[in-house]
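Peer 1: Turn these sequences into a full structure, and let the hints guide you.
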Amino acid sequence: MEPRVHRQIVVVDYNPSWPTEFEEEQIRIRSSVPWIRAIEHAGSTSVPGLAAKPIIDMLAAVEDLADAESGQENLKALGYELVPDPTLPERRYFRRLSGVVHSHHLHVYAWAGFSERQEILFRDYLRRHPETASEYGVLKRRLAADDPRPAVYTAAKTDFVRNILARALQERGRVAGYELLERAAIALARRQDQLPIRRSVLQAQPQPRSLGSSREQWRGYPLQPTFTQVATASAMLR
1 MEPRVHRQIV VVDYNPSWPT EFEEEQIRIR SSVPWIRAIE HAGSTSVPGL AAKPIIDMLA
61 AVEDLADAES GQENLKALGY ELVPDPTLPE RRYFRRLSGV VHSHHLHVYA WAGFSERQEI
121 LFRDYLRRHP ETASEYGVLK RRLAADDPRP AVYTAAKTDF VRNILARALQ ERGRVAGYEL
181 LERAAIALAR RQDQLPIRRS VLQAQPQPRS LGSSREQWRG YPLQPTFTQV ATASAMLR
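Just so you know, we're using this note's numbering here: the sequence shown kicks off at 1 and counts up by one.
Among the hints, erroneous ones may be present.
[Claimed, not checked] Lysine to aspartate or glutamate pairs mimicking EDC-like chemistry, simulated, CA-CA at most 20 Å apart:
(1) Lys76 x Glu25
(2) Lys53 x Asp13
(3) Lys76 x Glu24
(4) Lys157 x Glu131
(5) Lys157 x Asp147
(6) Lys53 x Glu119
(7) Lys157 x Asp146
(8) Lys53 x Glu135
(9) Lys53 x Glu23
(10) Lys157 x Glu119
(11) Lys53 x Glu24
(12) Lys53 x Glu25
(13) Lys53 x Glu21
(14) Lys53 x Asp124
[What the hints assert, rightly or not] Beta-carbon label-pair distances, calculated as ranges:
(15) Leu139 x Pro19: 19 to 25 Å
(16) Arg37 x Arg172: 17 to 23 Å
(17) Val138 x Arg28: 29 to 35 Å
(18) Gly113 x Gln170: 16 to 22 Å
(19) Gln118 x Asn74: 37 to 43 Å
(20) Glu135 x Trp35: 36 to 42 Å
(21) Tyr93 x Glu21: 28 to 34 Å
(22) Lys76 x Val138: 36 to 42 Å
(23) Glu116 x Ile27: 21 to 27 Å
(24) Ala145 x Arg117: 14 to 20 Å
To be clear, the hints were calculated from the coordinates, so they are not data collected in a lab. Predicted model, so just to flag it, every value in this text is computed and none were measured. Using N, Cα and C, we set each Cβ at its ideal position, and we do this for glycine too.
Peer 2: Here's what the structure looks like:
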């Protein structure tokens, strides 16, 4: 059990060794806990250049959450303890301590929907947008300096995080639309009589942008497919 200490948020400069620390730890976990299907590096230590709390956050996926509970002895042997959290019944949360300091957090979820977890969407958006990651780092440093109590710090950055998640979801939807267009183009390229349709499907008309930079592109296409383009591609692939 963790000793009773008054924890405070400490935000430090990005450490280039964090990705290596994650890789080493996930190898340790996978070798001892075979029921884990995937492990992702999450949290601020997973974003290059981003100031962060020096804790390696990991997301793991299992076929069934019962696997996480039955295998907790394996994790205990690696220095992890299960922390009950009735507020998130869909998660099993383990932490590894170094003395009284948290060094690693492992958040275990069911495999279904794992790739759509908001932690992964948030991480990937910051990786794609270093200017936003830099802004987030400045905010985190200021909030930690203003009040380092965990609950206060977390609440103070909630609006920023929600805003980024909204952008990430919107951007993901636009990319998904172009993935659909590309699949339609590949299918239609095999039908010579349909080539004019192929060209019309792939031509992206300029659209007003509600977020991000005009340089945002996906494989050369502006990230703003029209509804008609996506609907046409979807119909072609049925």
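Peer 1: Now tell me if each hint is right for this structure.
Peer 2: Going through the hints against the structure:
no.: 1; hint: Lys76 x Glu25; verdict: holds, 14 Å
no.: 2; hint: Lys53 x Asp13; verdict: holds, 9 Å
no.: 3; hint: Lys76 x Glu24; verdict: holds, 17 Å
no.: 4; hint: Lys157 x Glu131; verdict: holds, 17 Å
no.: 5; hint: Lys157 x Asp147; verdict: holds, 12 Å
no.: 6; hint: Lys53 x Glu119; verdict: holds, 16 Å
no.: 7; hint: Lys157 x Asp146; verdict: holds, 12 Å
no.: 8; hint: Lys53 x Glu135; verdict: holds, 16 Å
no.: 9; hint: Lys53 x Glu23; verdict: holds, 18 Å
no.: 10; hint: Lys157 x Glu119; verdict: holds, 15 Å
no.: 11; hint: Lys53 x Glu24; verdict: holds, 19 Å
no.: 12; hint: Lys53 x Glu25; verdict: holds, 17 Å
no.: 13; hint: Lys53 x Glu21; verdict: holds, 14 Å
no.: 14; hint: Lys53 x Asp124; verdict: holds, 18 Å
no.: 15; hint: Leu139 x Pro19: 19 to 25 Å; verdict: holds, 23 Å
no.: 16; hint: Arg37 x Arg172: 17 to 23 Å; verdict: holds, 22 Å
no.: 17; hint: Val138 x Arg28: 29 to 35 Å; verdict: holds, 34 Å
no.: 18; hint: Gly113 x Gln170: 16 to 22 Å; verdict: holds, 19 Å
no.: 19; hint: Gln118 x Asn74: 37 to 43 Å; verdict: violated, 27 Å
no.: 20; hint: Glu135 x Trp35: 36 to 42 Å; verdict: holds, 39 Å
no.: 21; hint: Tyr93 x Glu21: 28 to 34 Å; verdict: violated, 19 Å
no.: 22; hint: Lys76 x Val138: 36 to 42 Å; verdict: holds, 39 Å
no.: 23; hint: Glu116 x Ile27: 21 to 27 Å; verdict: holds, 25 Å
no.: 24; hint: Ala145 x Arg117: 14 to 20 Å; verdict: violated, 30 Å
Against the hints set out earlier in the document, violations occur for numbers 19, 21, 24.
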